[in-house]
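Residue numbers (this note's numbering), protein chains in the order written: chain A, 1 to 214; chain B, 1001 to 1575.
Don't take each hint at face value.
As the list claims (entries may be wrong) - A few chain B residues that don't get close to chain A, going by computed Cβ distances all over 12 angstroms:
| no. | residue |
| --- | --- |
| 1 | Gln1362 |
| 2 | Arg1373 |
| 3 | Lys1432 |
Unchecked claim - No farther apart than 25 angstroms at their CA atoms in a straight line, the calculated lysine to any residue pairs in the SDA-like style are these:
| no. | chain 1 | residue 1 | chain 2 | residue 2 |
| --- | --- | --- | --- | --- |
| 4 | A | Lys98 | B | Lys1504 |
| 5 | A | Lys98 | B | Ser1144 |
| 6 | A | Lys98 | B | Asp1305 |
| 7 | A | Lys169 | B | Asp1252 |
| 8 | A | Lys98 | B | Glu1167 |
| 9 | A | Lys98 | B | Pro1223 |
| 10 | A | Lys108 | B | Glu1197 |
| 11 | A | Lys182 | B | Ala1279 |
| 12 | B | Lys1504 | B | Gly1479 |
| 13 | A | Lys108 | B | Asp1275 |
| 14 | B | Lys1529 | B | Arg1560 |
| 15 | A | Lys98 | B | Lys1529 |
| 16 | A | Lys182 | B | Ser1328 |
| 17 | A | Lys189 | B | Pro1223 |
| 18 | A | Lys119 | B | Ser1293 |
| 19 | A | Lys98 | B | Asn1356 |
| 20 | A | Lys169 | B | Asp1305 |
| 21 | A | Lys98 | B | Arg1403 |
| 22 | A | Lys98 | B | Glu1487 |
| 23 | A | Lys169 | B | Val1061 |
| 24 | A | Lys98 | B | Ser1172 |
| 25 | A | Lys189 | B | Asp1225 |
| 26 | A | Lys189 | B | Ala1279 |
| 27 | B | Lys1265 | B | Ala1228 |
| 28 | A | Lys182 | B | Glu1354 |
| 29 | A | Lys98 | B | Ser1293 |
| 30 | A | Lys98 | B | Asp1252 |
Said to hold, decoys possible - Have a look at the derived ranges for each label pair, beta carbon to beta carbon:
| no. | chain 1 | residue 1 | chain 2 | residue 2 | range |
| --- | --- | --- | --- | --- | --- |
| 31 | B | Pro1570 | A | Lys195 | 52 to 62 angstroms |
| 32 | A | Pro115 | B | Arg1547 | 51 to 61 angstroms |
| 33 | B | Lys1308 | A | Gly159 | 52 to 62 angstroms |
Bear in mind the hints are in silico, worked out from the structure with no lab data behind them. Note that beta-carbon positions come from the ideal geometry of N, C-alpha and C, so glycine has one too.
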Amino acid sequence: MSTENGTCLPESDTGLNFEETKLTLGLPGESRGVVVKTGIKRGYLETVDLNLGRSVDLDGGDRKACDVNPENRVSGGAKPPATEAQVIGWPPVRGYRKNAMKSCRYVKVAVDGAPYLRKVDLEMYNSYQQLLASLEDMFSCFTIRNYLSERKIVDNVNGVEYVPTYEDKDGDWMLVGDVPWKMFVESCKRLRLMKSSEAIELAPRTPPNCSSTS
Amino acid sequence: MLKKMSYSFPEDVLEHVFSFVTTHKDRNAISLVCKSWYEVERWCRRRVFVGNCYAVSPVMVTRRFPEVRSVELKGKPHFADFNLVPEGWGAYVYPWIEIMSTSYPWLEEIRLKRMVVSDESLELISKSFKNFKVLVLSSCEGFSTVGLAAIAANCRNLRELDLRESEVDDLSGHWLSHFPDTYSSLVSLNISCLGSEVSFSALERLVGRCPNLRTLRLNRAVPLDRLASLLRRAPQLVEFGTGAYSAELRLDVLSTLDGAFSSCKELKSLSGFWDMVPAYLPAIYSVCSGLTSLNLSYATIQSPDLIKLVGRCLNLQSLWVLDYIEDSGLEAIAASCKDLQELRVFPSDPFGVEPNVSLTDQGLVSVSEGCPRLHSVLYFCRQMSNAALVAVARNRPNMTRFRLCIIEPRTPDYLTLEPLDVGFGAIVEHCKELRRLSLSGLLTDRVFEYIGTYAKKLEMLSVAFAGNTDLGLHHVMSGCESLRKLEIRDCPFGDKAILANAAKLETMRSLWMSSCSVSFEACKLLGQKMPRLNVEVIDESGPPDSRPQDCPVEKLYIYRTVAGPRFDTPTFVWT
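For reference, chain B alone in the conformation it holds in the complex (with noise of 0.2 angstroms):
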């Protein structure tokens, strides 16, 4: 009896012990403690994430956690966002809804991630969760504004409507006023992504008359001319994201724009921008001082504007910016935000074959000088050095995530004409928190063996015209022992990294290889060997088998999964 007592706490004690365990990493792991602690955790969590929605099944989640209040799910692998997926690969959401329908009439939050999101899934939701608050789809696609209207018709008690970075079917803009108007909970709206003009009457009553509004992202279609008038009924706002930031200089206008701004004392995030004319800067100069993050990478201004701008903006700690900001910009950055922590840097010109803009490797040293929050970074350049990235690695050991895109492909140390080998293998040796890395640039085999020995935390790695063997990928798979995603382009990886390292692809969510060198036999071994993964080929020109033997798979998708084969695989997917 006594020995009972000693070893187990009343379940209400437990749950009340495991309400303060809150990432899923963590939840997880209590979960595997013991057999009543599982029990005891099912029942009671109350938050689920799932990053491959094809890793379980809608039914297998619902069955263990039946009290589920908010669900995240992702999709379609990253490399969905630059095109190499096809239409129909999958990513469908309706499955989920409909089982959660039933299974979770409490549901509060749904969060999603490059999935496939139908109108039909959205009037699902809209009639299925009455106490539903907060929808998130990000870069997901498949729904049009008619679903949007039955979100805004139908949840009562919708706080959150994000619906950042989605293609959606703009049929028109008259959904948003569907929302009635006796609705006043509204505390986020994001609706950047979408073309069409919505009602600005409708828009203004309903920011009007939600006093707990604290994001406002506008799209491009809300005119300059219009946005006072919607600060003036919001001055709580502490994100707002304009629309087009254009017009002909009006000083009226602009005065009255500075004044509305003015009024918004607790700003801390601006973005939108697009098409941005110097004339109006200053109408945001009040606030510059309060921002933490600033989204510029719309805002076609030039670096003496920009520095104008960013100048004054001390407190930044996020900025995405254009390359317009070039080096002399990036200097400044550096001298004045000494509290910037992410930066992303985007190309104005992706595809011209000339630089545009004065923006090198100097520009990416100056801030990894001048910023010592600096952590995470996104770069798109045309020249790189490995003593740029030394000096980087030396200066910013807290490094935790590092993107670099040199634009042309396989572009050599411009100083030495050598690989860039050496400078990312200063980069993981010194950024030992280092999540997540994106490489560039000429790279041989060396690279790999420098990211297998020291990244040791290193999650998620794309790797694009890099390598020269499968020793490369072998060097990655064997030595990165925190690694969950792996995404590869056009380099010479073939069957043996893969076959050898089978067993790593279990602990990791997913594989992504595209115009490798990987056969279809290999394909079809490792899917018999190891029947706990899937492996997807993707090939859009015919069945695989119907080429020879060495011909390599044009696209390969490998992940995990307890879900066993999916049944909504198109085509050209074959498993």
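Just chain A, with the same shape it has in the complex (with noise of 0.2 angstroms):
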């Protein structure tokens, strides 16, 4: 799968550039610092060109020698890496711990009318504005609109809206959206972008305390 389109590099909203991620642990009277060096980094930049599905070690699990190139910023939607990179090796968990405990929330995402589908990890967001920012960019001929509260997806070209959608452990396809984030990331199976006229026959909005989740 690439990129539809490989100039399309949004800004993150997160300011991922490496003066920000700097961190200084400071200890009384010193000002040395743990500084993200570019060549640890280098994994999450890396992700410019590719699908935002793809898993990416944040605090530099992944090895391979690296070219960053500080004009790149990945789309914005993934989790700040400095909540992952907050230090280096800490605490310490070994890397194919972590990914063990991340893969497993990659979810498909369907585009009704759309040929293929995409690929997303919800392990990389922290909210939904953040997930639906990050479809925005994968399907980049959407914007994003909140009517009425509810977040609505607008096809620019044609006008169509688009409601996010998911198949929940139950089998039931639900609205994105009711439900607290942590609860929606355990509980959905899948994504669909559902035209709006057919999104109609989805069930009304649930309690937050529905039972889509185990």
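Hints given; two lone chains; assemble the complex.
Below, the structure written as structure tokens:
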């Protein structure tokens, strides 16, 4: 799978340039810092041309040699690396263990009318906003509109409205956004951007303590 | 004539006596007794252990020990596990294999840890040693399934292939099919680190034709509904690792799996269990009472289910589990697993800011109270108190390995807000057999004073975000008589302690210091003064002497060596 548009690299809303993620662990009287080295961080920057669904071990678990291109920013929506790489190698959890805990949250994303599916790793996001922003990048013809506090995705070209829905663990199709984010991540099996016209048949909004989680 | 006879045994008698002396330490000791013992010993040494592949050269080893059958090598320092050692640093095994391919044609066993193993190395192994039996690659990297195919195809006498925790370039699962149909001597297979599916029918046939198979650790890609047919083909298994232990509940699958597990009367160890679903837990209940080792560290089931499971494992000696076990689960373990010797509790959400589980210092105290044989602990948690540590120390003076990781650096005692010096001090004071210790939390120089005073048998110490001054490091280096490995990160230790204890470094395997305050000048000085140490400055941001004098080096790795400076240093290592 390739990105539709290689030049489309929206600014990260988390500000991923290195100066900002540079952390200083200050002891009293010391100004020495733990600098997040470009050489180690490159795993994140390398996702430039990649499908956002690719797994990226943010604190340098990926070990190949890198070319860091500082102009490239990964699109918004992904978890800011600072939360994962506050300090390199801390807590001391081995890479394969981190990956083992991570890689079970890939879900397919289908868009009504599109011939192919994409895959996203829900673990990469912290909120619905980030997820939808990422979907917006992936299917770059869409923008998200907040419409009456519902999140709608609109195709810029033909004005068709899409509603983000998901299939949960019980096999039911739900509207994205009702339950707390973490609960959603646990229960979401796949995503579908459904045409608004079809979404009318979906169940009405379920209350927050719905049964979609185990 | 009489005098001579009373002083020397015939060589074959000595050799026979030496054959009962097996540990490396003891073999090294007897070789120092006198020249003739040195000679006899070196000719009959069959196993060699090299703790640091750069401490000695392969030529030196093969020259001294011409008849070796088993080699064990370790490469990168431990902190490489946490990405602190840059890619390309070293620890290549190929030069060793090259030399051994001509010097040790009868080599049977190679065990490597944290080394870079290329496909060429694996191919060379597979072609050079006709009687090759055991290959263990622990936390290694640099090879792909192409190399594995060569091993499978050419090693007719292979018994063990164990890839534990290695990073393999997993191109496809076809390599397994390279075991010839006539091959049937497999005893142990561990492919748990591999990502892609191996050919299931090839695996089934392999398992079916190897009657001596006792260890089988599958990878995540093997689905749950395939387990039963494998187990049925190998009811003699002693150690088994599942693949992903997750599927929609189907009673027929559950019942088949239960039956298959029940037929394995020898099972002592279980592992795997990625993505575990509680629905299939009952399938393993029948083997629980026989289990001595259980690795649930990938099993994302919650405390109540975990309790149901471990409550049946009354003979458990080793348990690895996620912090989903919670304090309540650890209490249950303390009540039922009286034989427990080793406990590792891993964090389910290491980067989360808020605790996601109710696992605290109390859980640790419970097991220390209830499990009299517990001596090896690895514990990730978010809060700790001096009181808890003192309790653990008093309960378990038999502790030999104690690694505590309080997730947030510099976290104080949550009850008193004081440093945890006293708590760790109690550990080293009461646990006189302590060989390995990892510190965390808020710690001052005082904890190092305790360690230097009491930890006389300590061999390995890991320190992070601790201490105030060089005095801390000095306490450790001057007081810990048995210290072999010291690894330090993000501590305010500078030049003074290292330079003052330079001689100590020759008695140790290695010292690692990163994000500390050691200057390049001190490193150069040390390197000059101590020719039998390799002093490596690892700095990816450029030559260290291009920066101001007092700018500390990024990373420092010092190790003793008789091989001199190494020839394969990358550009970011300065020696």
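A quick look at each hint next to the structure:
1. Against the 12 angstroms criterion, glutamine 1362(B) stays outside the reach of chain A, whose nearest CB is about 20 angstroms from its own CB.
2. Every C-beta of chain A lies more than 12 angstroms from that of arginine 1373(B), the closest at about 26 angstroms, which supports listing it as non-interface.
3. Distance check for lysine 1432(B) against chain A: the nearest CB is about 26 angstroms away, which clears 12 angstroms, and the non-interface claim stands.
4. Straight-line distance between C-alpha atoms of lysine 98(A) and lysine 1504(B) comes to about 36 angstroms, which puts the hinted pair past the 25 angstroms bound.
5. At roughly 21 angstroms between alpha-carbon atoms, lysine 98(A) and serine 1144(B) fall within 25 angstroms of each other, so this suggested pair holds.
6. Simply put, lysine 98(A) and aspartate 1305(B) have alpha-carbon atoms about 23 angstroms apart, close enough for the 25 angstroms limit, and the pair holds.
7. Taken as a hint, the lysine 169(A) and aspartate 1252(B) pair is honoured in the structure, with Cα atoms around 21 angstroms apart against an allowance of 25 angstroms.
8. A hinted pair counts as satisfied when its Cα atoms are at most 25 angstroms apart, and lysine 98(A) with glutamate 1167(B) qualifies at roughly 13 angstroms.
9. A threshold of 25 angstroms between alpha carbons decides the hint, and for lysine 98(A) with proline 1223(B) the separation of about 21 angstroms falls inside it, so the pair holds.
10. Taking the CA atoms of lysine 108(A) and glutamate 1197(B), the gap is near 20 angstroms; set against the 25 angstroms cutoff, the hint holds.
11. With a C-alpha separation of about 22 angstroms, the suggested pair lysine 182(A) and alanine 1279(B) falls inside the 25 angstroms cut-off, and the hint holds.
12. With a C-alpha separation of about 10 angstroms, the suggested pairing of lysine 1504(B) with glycine 1479(B) holds against the 25 angstroms cut-off.
13. With a C-alpha separation of about 18 angstroms, the suggested pair lysine 108(A) and aspartate 1275(B) falls inside the 25 angstroms cut-off, and the hint holds.
14. For the suggested pair lysine 1529(B) and arginine 1560(B), the alpha carbons sit about 13 angstroms apart, so the restraint of at most 25 angstroms is met.
15. Of the pairs offered as hints, the one joining lysine 98(A) and lysine 1529(B) is violated, with about 42 angstroms between alpha carbons and a cut-off of 25 angstroms exceeded.
16. Taken as a hint, the lysine 182(A) and serine 1328(B) pair is honoured in the structure, with Cα atoms around 24 angstroms apart against an allowance of 25 angstroms.
17. Proposed proximity of lysine 189(A) and proline 1223(B) is supported: the alpha carbons are some 18 angstroms apart, at most 25 angstroms.
18. Straight-line distance between C-alpha atoms of lysine 119(A) and serine 1293(B) comes to about 37 angstroms, which puts the hinted pair past the 25 angstroms bound.
19. For the hint pairing lysine 98(A) with asparagine 1356(B), the CA-to-CA distance comes to about 16 angstroms; that is within 25 angstroms, so the pair holds.
20. Straight-line distance between C-alpha atoms of lysine 169(A) and aspartate 1305(B) comes to about 19 angstroms, which keeps the hinted pair within the 25 angstroms bound.
21. Simply put, lysine 98(A) and arginine 1403(B) have alpha-carbon atoms about 19 angstroms apart, close enough for the 25 angstroms limit, and the pair holds.
22. Only pairs whose Cα atoms come within 25 angstroms are accepted, and lysine 98(A) paired with glutamate 1487(B) is accepted, the gap being roughly 22 angstroms.
23. Distance restraint check for lysine 169(A) and valine 1061(B): the Cα-Cα separation of roughly 59 angstroms exceeds the 25 angstroms cut-off, and the hinted pair is therefore not satisfied.
24. Restraint check: the Cα-Cα separation between lysine 98(A) and serine 1172(B) comes to about 23 angstroms, which is no more than 25 angstroms; the hinted pair holds.
25. Restraint check for lysine 189(A) and aspartate 1225(B): the C-alpha separation of about 20 angstroms stays at or below 25 angstroms, so the hint holds.
26. In summary, the hint linking lysine 189(A) to alanine 1279(B) is supported, as the alpha carbons are separated by about 18 angstroms, within the 25 angstroms threshold.
27. In summary, the hint linking lysine 1265(B) to alanine 1228(B) is supported, as the alpha carbons are separated by about 14 angstroms, within the 25 angstroms threshold.
28. About 13 angstroms separates the Cα atoms of lysine 182(A) and glutamate 1354(B), which keeps this hinted pair within 25 angstroms; it holds.
29. For the proposed pair lysine 98(A) and serine 1293(B), the alpha carbon gap of about 22 angstroms is at most 25 angstroms, so the pair holds.
30. Proposed proximity of lysine 98(A) and aspartate 1252(B) is contradicted: the alpha carbons are some 34 angstroms apart, above 25 angstroms.
31. For the hinted restraint 52 to 62 angstroms between proline 1570(B) and lysine 195(A), the CB-CB distance of approximately 55 angstroms keeps it satisfied.
32. At about 55 angstroms, the CB distance of proline 115(A) to arginine 1547(B) agrees with the hint of 51 to 61 angstroms.
33. In this structure the supplied range 52 to 62 angstroms holds for lysine 1308(B) paired with glycine 159(A), their Cβ-Cβ distance being about 55 angstroms.
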